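Given the structure of chain P, go ahead and fit chain D onto it with the hints provided.
2 protein chains.
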Amino acid sequence: MPIRTSEATWRGGVRDGDGEMALGSGSWRGSYSFRSRFRDDEPAQSTPEELIAAGHAGCFSLALANNLEAEGYDPERVHTTADCHLEMRDDQGPTITRIELETEAAVPEISEAEFQDIAEDAKTNCPVSRALSGVDIALNASVDT
Amino acid sequence: MPIRTSEATWRGGVRDGDGEMALGSGSWRGSYSFRSRFRDDEPAQSTPEELIAAGHAGCFSLALANNLEAEGYDPERVHTTADCHLEMRDDQGPTITRIELETEAAVPEISEAEFQDIAEDAKTNCPVSRALSGVDIALNASVDT
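Residue numbers (our numbering), protein chains in the order written: chain P, 2 to 146; chain D, 2 to 146.
None of these hints come from the bench; they were simulated from the model.
As the structure is a prediction and not an experimental result, all values here were calculated from the model.
A couple of the hints might just be wrong.
For identical chains, the list gives no copy identity; a pair is met inside one copy or between any two copies.
[Said to hold, decoys possible] SDA-like, lysine to any residue: derived pairs with alpha carbons at most 25 Å apart:
no., residue 1, residue 2
1, LYS124, VAL15
2, LYS124, ARG99
3, LYS124, ALA107
4, LYS124, SER32
5, LYS124, ASP17
6, LYS124, ASP137
7, LYS124, ALA45
8, LYS124, SER134
9, LYS124, ILE138
Isolated chain P, as found in the complex (with noise of 0.2 Å):
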């Protein structure tokens, strides 16, 4: 399986200097900065954890329809939003406390309960969830048939 590669690098220090990470496929190059990172005041720029929500939410999707088709479904979409939560914590600084899955599916002839538990598990279960084990994930699930 493939060894995925990207790159970043930091200018000068940590309030007056200035960021850039980039993708290795070559789709992306962005900047981020402590204002970024540690304010709310710079939406437009990155962050480290949008990227970990974006791939969160890419790994989640896929495994969501990964084992929907195993159970025999025929899933058509999965949409999903995650949140990553920076929080200020006095022992560790600056920490990664939770990621907020929000999922919406559309799956002809599945029943509410089988998709919760579906869901649910593709949430234990995903590589990127496995991964954060560093992080609380809570998700909140909802199905079009």
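Structure of chain D alone, referenced to chain P:
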């Protein structure tokens, strides 16, 4: 501190479907697929793993600059690549097993031994490393004084 929200959509089945991930800042939207994720033959497409790798490289680089400043040094530049390894595990399926960070820093007047200690601490304690506690994280660090 900010909550950052990103999103993803998967359409269709796993092998014949396709996905899209998007950063909450609006600066990027990219496609991913079964082939880009689990094969090596779509390097121009994205994957969740390259987003995780970019976020980790970005977080570590800023944490290293922060730790160097806290110890009285004046970091000029920290450049980090992150290799994210996705491997098939018999019992768990595709698994993010390992992230290898390779960092090169420009820091005047630091000893090699002190730089290595500070870099190792950043590897262990940066927010994304702590979040990714399910993953083996390795660091190869070098400094130009």
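(request) Taking the numbered hints from earlier one at a time, note which ones the structure violates and give those numbers from smallest to largest. (result) 7
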